[in-house]
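Asks: Following the numbering used here, the numbering of the sequence shown begins with 1 at its first residue and continues without gaps.
To be clear, the hints were calculated from the coordinates, so they are not data collected in a lab.
Don't take each hint at face value.
So the derived label-pair ranges between C-beta atoms look like this [to be verified]:
{"#": "1", "residue 1": "34", "residue 2": "77", "range": "26 to 34 Å"}
{"#": "2", "residue 1": "124", "residue 2": "59", "range": "39 to 47 Å"}
{"#": "3", "residue 1": "95", "residue 2": "15", "range": "19 to 27 Å"}
{"#": "4", "residue 1": "98", "residue 2": "70", "range": "28 to 36 Å"}
{"#": "5", "residue 1": "127", "residue 2": "59", "range": "25 to 33 Å"}
{"#": "6", "residue 1": "55", "residue 2": "130", "range": "36 to 44 Å"}
{"#": "7", "residue 1": "123", "residue 2": "82", "range": "12 to 20 Å"}
{"#": "8", "residue 1": "27", "residue 2": "125", "range": "20 to 28 Å"}
{"#": "9", "residue 1": "59", "residue 2": "126", "range": "22 to 30 Å"}
{"#": "10", "residue 1": "111", "residue 2": "7", "range": "38 to 46 Å"}
{"#": "11", "residue 1": "59", "residue 2": "123", "range": "35 to 43 Å"}
Heads up, the beta-carbon is just placed ideally off N, CA and C, and yes, glycines get one too.
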Amino acid sequence: MRETLFNWLGPRVVGARALDLFAGSGALGLEALSRGAAAVTFVEQDAVAVQALRERLTAWGAAGAEVVRADVLRHLALAARPVELVFLDPPFDAALLAPAAERLEGGWLAPGALLYVEHPSRMPLPPLPPTWRMLRARRAGEVGYHLFQAAGSAAP
1 MRETLFNWLG PRVVGARALD LFAGSGALGL EALSRGAAAV TFVEQDAVAV QALRERLTAW
61 GAAGAEVVRA DVLRHLALAA RPVELVFLDP PFDAALLAPA AERLEGGWLA PGALLYVEHP
121 SRMPLPPLPP TWRMLRARRA GEVGYHLFQA AGSAAP
């Protein structure tokens with residue numbers, strides 16, 4: 001899935017400012033950094049995951065990375081810093097996708113931002129902002145993964 005995603009994103013990663021929400025291991029944000037993203041903010045609530053991610057970033061000597069230990073919805077309620085790329089992979093057993101998407105609309109998305117969303121494939125996507133246009137969607141087992149674009153520019 002990660003390879004497909006980054007093929008979809010192509011050159012849009014280079015120089016992008018990104019948010020890796022519900023970051024967990026930070027795999028998507030780390031991949032974005034390795035492919036030339038200018039900055040990635042990893043937001044994760046779990047202290048153990050945050051510490052592991054900080055250690056990994058230090059070992060890599062990763063420039064442009066920030067790790068924030070916070071509840072994603074609370075973080076998104078803070079003053080927004082517009083980004084061009086968002087990885088949105090909330091825990092499947094929590095109903096966090098729709099509220100997180102709604103809060104992203106509060107100034108977090110640069111015009112034409114790309115949003116990668118993972119969701120259980122057996123369930124329909126919850127209502128997402130009408131300004132998000134689905135560009136691509138696939139399924140891998142129990143995971144549905146989708147690429148959206150926020151209003152403001154042409155598809156990649």
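Asks: Now, for every hint given, state plainly whether the structure supports it.
Replies: Comparing the hints with the structure gives:
Checked against the given bound of 26 to 34 Å, the beta carbons of residue 34 and residue 77, roughly 30 Å apart, stay inside it. At about 40 Å, the beta-carbon gap between residue 124 and residue 59 stays in the expected band of 39 to 47 Å. At roughly 34 Å, the beta-carbon separation of residue 95 and residue 15 lies outside the given 19 to 27 Å, and the hint is violated. Between residue 98 and residue 70 the Cβ separation comes to about 19 Å, which falls outside the hinted range of 28 to 36 Å.
At roughly 40 Å, the beta carbons of residue 127 and residue 59 sit outside the given window of 25 to 33 Å. At roughly 41 Å, the beta carbons of residue 55 and residue 130 sit within the given window of 36 to 44 Å. For residue 123 and residue 82, the hinted distance range of 12 to 20 Å is not satisfied, since their beta carbons lie about 30 Å from each other. The beta-carbon spacing between residue 27 and residue 125, approximately 22 Å, falls within the hinted interval of 20 to 28 Å.
For residue 59 paired with residue 126, a C-beta distance near 37 Å fails the hint of 22 to 30 Å. Range check, residue 111 to residue 7: Cβ separation about 23 Å, and the 38 to 46 Å hint is violated. Between residue 59 and residue 123 the CB atoms are about 37 Å apart, so this pair conforms to the stated range of 35 to 43 Å.
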